Amino acid sequence: MKKWASLLLAGVMAAGLLAGCSGKQETSGGQEESKEETKQAAADEVTKFSISLRTLNFGHVEKSPDINQDKWVKRLEELTKTDLDIRLVPHKEYEQKMAQMFATNDIPDVVQGQGGVTGKEMAGSVEAGVFMPLDDLLKEHGQNLLKKIPKEAWNRMTYQGKIYGIPEWLSNPSRRATWIRKDLLDQTGLPVPKTVDEYLNVLRAFKKLGVENPYMGRQDFKYADTFFGAYDVFPYLSQFEEVNGEVQPKFFDSENMMKALSTYKTMYDEGLINKEFATINPTTFKNTILAGKAGMWSMNANELIQWETQLKESVPNAKLEIIPSPVGPDGKGGYYLYGDVNRSYFINAKYKHPEKVIQFLDWMVSDEAEKFFTFGVEGENYTMNGDKIDYKQPTDSQGVDEERYRQSFLWLVQDTTYNKGSLSLTEEGRNLMSVFDNILANEGRDGMEFEPRLEALKKNPDITPLSDTPPPVLITHMVKMVYGQEPIENWPKVIEEWKSKGGKDVLAEANERFQKKEGVFLPRK
Amino acid sequence: MSTKPEAAEALPPGMGRRRVKSGGIARLMWKYKALYIISLPGILYFLIFKYIPLGGSIIAFQDYNIFKGFTGSEWVGFAHFKTMFEHYDFLRILKNTVLIGLYDLVIAFPAPIILAILLNELRLVLFKRVVQTVVYMPHFLSWVVIAGMSVAILSPATGILNQLLGLFGIDPLYFLGDNRYIRSVLVGSGIWRDTGYGTILYLAALAGINPELYEAAEIDGANRWKQTLKITLPALLPTIMILFLLHIGKFLDFGFERVWVFLNALNTENGEILDTYIYRAGLLSQQYSYTTAVGLFKSVVGLVLVMAGNFFSKKTTGESLY
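From first to last, the protein sequence lines stand for chains S and V. In terms of the UniProt record's numbering, the first sequence opens at residue 1 and continues consecutively. In terms of the UniProt record's numbering, the second sequence opens at residue 1 and continues consecutively.
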């Protein structure tokens, strides 16, 4: 059986190689036409199209021998009268593979992007006219999409006044949260902290209890940026602000930046953060927390139930809770806000039946789709008890994988804040929804963002921040300042260095774009 | 990018030296047609996968746009090279690359030679085999794993190395979080991983030495040290020279992954090399033309080094790649 499968694989690969070698342009064009002819007759019944989807680390997807033969894909095809040819794009090499796909002109009928029209993964394809504008099609075939998806998300899909993609949206972009070991906090007898000083006191109390990492640190302050949020100085991509009519990055606010750095320095000096945080990678970060050796940290809120279960395996009486993030001098706090768009779908300009794809995606926001993706199929995943749905929660990890795949991966267009249907079934699920609605919705730091990206930032990776990491030029100084290798008072000089290494061009371009209102997204909070 | 030295590797040493009188080439080719047919797949491999892609380097002289291809992209001449040489960090990164390459050449290159000679002196065959297998092992670990282990071993609080240093009264050192140590860590991890594996070729060469030479030397009263100096080393010299020339061809190619996994904010200043810079600028920022220019620069330097090294080696020892 195995041998047979590998033979088949080898055959497929060889065929792919051959196809790749022969003139790209011609074959792809020819294939399309012949496909077209055979399809024409069946066009009224079943719509055939290829679609590229990033695997997004879904276990069920990555382990599947052929996703197109998956039973849920088959069921989806049946429900929507489509014939999908899903082409998976590996999660880790997503951007490179996408660029490769565009460079070799082997572009599926529907391409899944991530975020806006001019994101890196799109590699300039929308500007190059690879995809078609969708405004008229949406008016005719996508009324439900237009109604359900918020305007902010559509704005991200617009290029030169026209909509080019259909977004899967995020109605609550505040995703990251401050987590605390409630059982430890109760032991200290302290109330839930609010300000930075109260937070530091709790951390000191944790230290006294013998907690190894009162605050869990991590390389490059990634998922360890709580206090930069309190002082509103995130040196991230979406964090520009207007000060006296001039656009500048938030880290230009030296006073608050130095306060934030001093907070970390205090933590470092008093041993409230691991002395080796500069070399703590994501795996160590998670393992340390799950081993019960950390008191407080930052993580995405949707992980709460899973992490608590895993933590309880090593510390049975542990209790996790998400608390409001520390507030700074302006009385606000929180983490950077995610984009309004998770995944987005673009239709190849050469595809002949775009209206069918729109109808397919329009169905995704219907009640029928919600029920199908949330609860699966009657008889197999749930039974009806009068009007109520008796959902069979999966018990083994394979079942959980399959459920997550159905609810998140295969459900192409939905509000990705949380899965209401399945969370409302359990006590802890309802708690998590309340965390999103009552804690996270009220915090978070947003800034001005430029989309397409500033040209000046593209030129020099050293001064370019990512969505959740500071530019390399800054990280080096920030980490050194916390480690005491450089005085924190030097921050204004760091800003000068950033400017001299190309930051001046960034400022000039940002201000010009701001004046002309070209691709400027203003803060949402 | 660094195809030239690799292509040279494929030719058995000495092949290139054969001289054929003009006019007779076709006749000779006919005579040895079987050999030519056998070599055809290899030649095709290098043509298709190494030489033809070299042509892609022209994008270093263009503003490459993936939708226009290299036929439609705009020509910019040497603009990307100019940007590279004018980059404020270029000298720092080049200095790191050269220094790390130099340490690697001076320390890591001789290591397998010494180890091979030491192994060769072992008399107990079983012990020799066991040691050999054990020292090969790290070569098969990925750099990500090695970096993970290094973080644990070098950790100031819990690492075994710092605990050993503690016995001698030395305060814990944050090896991975300090510009002063990063280059040693980079070269050292390479030695740990590849020294054992590197001995294979030398051990093969040592096995080929005629034992009569040693017997004669013993009768002449030479001790083991003298035998090593006068017989073993000279016999190894051709192998050493060839490997040395191949090594300097890759002088600036220290390798991306093995550095990337060790870099962090505290050691980037001394640890960043051209390869990691190319990754950041090219793949993360999608500046294909610019990074091709940097890569091309590296390859040209490698080519010049190989040719110069080959020339001197030919003059001094008579050994050469071609």
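Just so you know, not all the hints are guaranteed correct.
[To be verified] In the DSS-like style, the derived pairs of lysine-lysine whose C-alpha atoms are separated by at most 30 Å in a straight line are:
#1 V:K50 with S:K162
#2 S:K458 with V:K95
#3 S:K350 with V:K82
#4 V:K68 with S:K493
#5 S:K352 with V:K68
#6 S:K516 with V:K68
#7 S:K371 with S:K388
#8 V:K230 with S:K459
#9 V:K68 with S:K458
#10 S:K120 with V:K82
#11 V:K226 with S:K97
[To be verified] FRET-style restraints, in silico, Cβ to Cβ:
#12 S:K63 with V:E74: 41 to 47 Å
#13 S:D136 with V:G55: 50 to 56 Å
#14 V:T133 with S:E62: 33 to 39 Å
#15 V:G55 with S:D85: 32 to 38 Å
#16 S:V192 with V:V130: 57 to 63 Å
#17 S:G421 with V:K68: 44 to 50 Å
#18 S:D85 with V:L54: 31 to 37 Å
#19 V:L165 with S:P487: 26 to 32 Å
If you're looking for bench data, these hints aren't it; they were derived computationally from the structure. Predicted, not measured: the structure shown is a model, and the values here were computed from it. Glycine is no exception: its CB is placed at the ideal position from the N, C-alpha and C atoms.
Checklist entry - Which of the stated hints cannot be reconciled with the structure, identified by number in ascending sequence? => result 1, 3, 4, 8, 11 and 13
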